[in-house]
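There are 4 protein chains.
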Amino acid sequence: MAGMETESATGEHGYSPDKDAYIKRLRRIEGQVRGLQRMIDDDTYCIDVLTQVSAITKALQSVAVGLVGQHMKHCVANAATNDPEHLDEMVGEATKAIERLLRS
Amino acid sequence: MAGMETESATGEHGYSPDKDAYIKRLRRIEGQVRGLQRMIDDDTYCIDVLTQVSAITKALQSVAVGLVGQHMKHCVANAATNDPEHLDEMVGEATKAIERLLRS
Amino acid sequence: MAGMETESATGEHGYSPDKDAYIKRLRRIEGQVRGLQRMIDDDTYCIDVLTQVSAITKALQSVAVGLVGQHMKHCVANAATNDPEHLDEMVGEATKAIERLLRS
Amino acid sequence: MAGMETESATGEHGYSPDKDAYIKRLRRIEGQVRGLQRMIDDDTYCIDVLTQVSAITKALQSVAVGLVGQHMKHCVANAATNDPEHLDEMVGEATKAIERLLRS
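Protein chains in written order, with this note's numbering: chain X, 15 to 118; chain U, 15 to 118; chain E, 15 to 118; chain F, 15 to 118.
Please keep in mind that the hints were generated in silico from the structure rather than gathered at the bench.
Since the model is a prediction, treat every value here as computed from it, not as a measurement.
Each hint should be verified, as a subset may be incorrect.
Given that identical chains are not distinguished, each listed pair holds provided it fits within a single copy or across any two copies.
What the hints assert, rightly or not - Below are the EDC-like pairs computed for lysine to aspartate or glutamate, each with C-alpha atoms no more than 20 Å apart in a straight line:
no., residue 1, residue 2
1, 110, 32
2, 38, 55
3, 38, 26
4, 110, 99
5, 110, 56
Sequences are here, hints too, so could you generate the full structure?
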């Protein structure tokens, strides 16, 4: 049952081959959040702080979109081929995740 | 010209009295971004990673909303009272900042 | 008490001078929503339907940003000048409205 | 080649079996947009207009999330099973659609 193993808690996931790239992007985002703390500590003008918050949010959303794409390409596609009785469940949790992203 | 000084690059801003609280919130967000890196490094299931991205985005947007509110209460209100000829400009940049938040 | 009258339920509001322009924009959005119904009725490809949904959402958000800007310029600024004891309340409801926009 | 036909410009799509329900939801949204025009025409308080804009945006996004889910369940899953060489392309356009929704 390759399909189920693929989605086990400890196994490989859609994004796994790009793990290093994702961690690198998140490290950059972490640095941007630290930069935001300095901006506030330095009494930077509110509007410039807000511009930076938008940039970080955009970077985070872009990571999320990448993960959603790889989830579709690997996990959803894999369920369709190898594990069709779990396809509905898998699509259901993916759409709920997209809904949470849209609400945040 | 209190109105103009308030908005100088180095002066006090609407959020200044709450600086410590904002920095504390951003430090927590920084920790959440580090947690995200660990989740990816540990091959956490994509959907759980996405849930965490949504939580961080929500926390960041909440910081942004707080800053916008204090910007209105202090900077916009101050311009209205002490510096009316700059009110249009100030409201214009605040609405552009809100637009950027909505687009991110 | 010009400040209070301006915000009465039946009075003039920040957007009132641009009423016709707003109604015109909303009529166009209404037409776009009708177009969406035709797209679905014609079995248009899902992705093209989604592109149209994004366009409508963007148009609606742009109306909202315009209203927020005029609310700041007129209602918030007016409260700051003529009705300072209600400024907090007015800014509070404006930030809550922005928060709802970000969550939608 | 069922997979390709399913995605032809004129054929059935993931949402087709729920066409009537989608059109009904969009008709309700159309009515809400008309209600918004009346609110502005009646000089309704800006914040109440904004609350209504948020409600409409939420309803539209919810339609979009439904379409994305059915796109995954039918078109993506179908490509995975019957048309694997187009899977990348199909996932690519779906993620771009989600990105546009997040930016709007």
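- Task: State whether the alpha carbon distance between residue 38 and residue 55 is at most 20 Å within one copy, between copies, both, or neither.
- Result: between (26 Å within a copy, 11 Å between copies)
- Could you place residue 110 and residue 56 in one of the four classes (within, between, both, neither) given a Cα distance threshold of 20 Å? neither (39 Å within a copy, 23 Å between copies)
- When no copy is specified for residue 38 and residue 26, does a C-alpha distance of 20 Å or less occur within a copy, between copies, both, or neither? within (19 Å within a copy, 35 Å between copies)
- Item | Within, between, both or neither: residue 110, residue 32 at alpha-carbon 20 Å | between (24 Å within a copy, 19 Å between copies)
- Query: From the Cα coordinates, with 20 Å as the cut-off, is the pair residue 110 and residue 99 best called within, between, both, or neither?
  - Reply: So residue 110 and residue 99 pass the 20 Å test inside one copy only (19 Å; across, 28 Å).
In this structure, only the earlier hint numbered 5 is contradicted, and the remaining ones agree with it.
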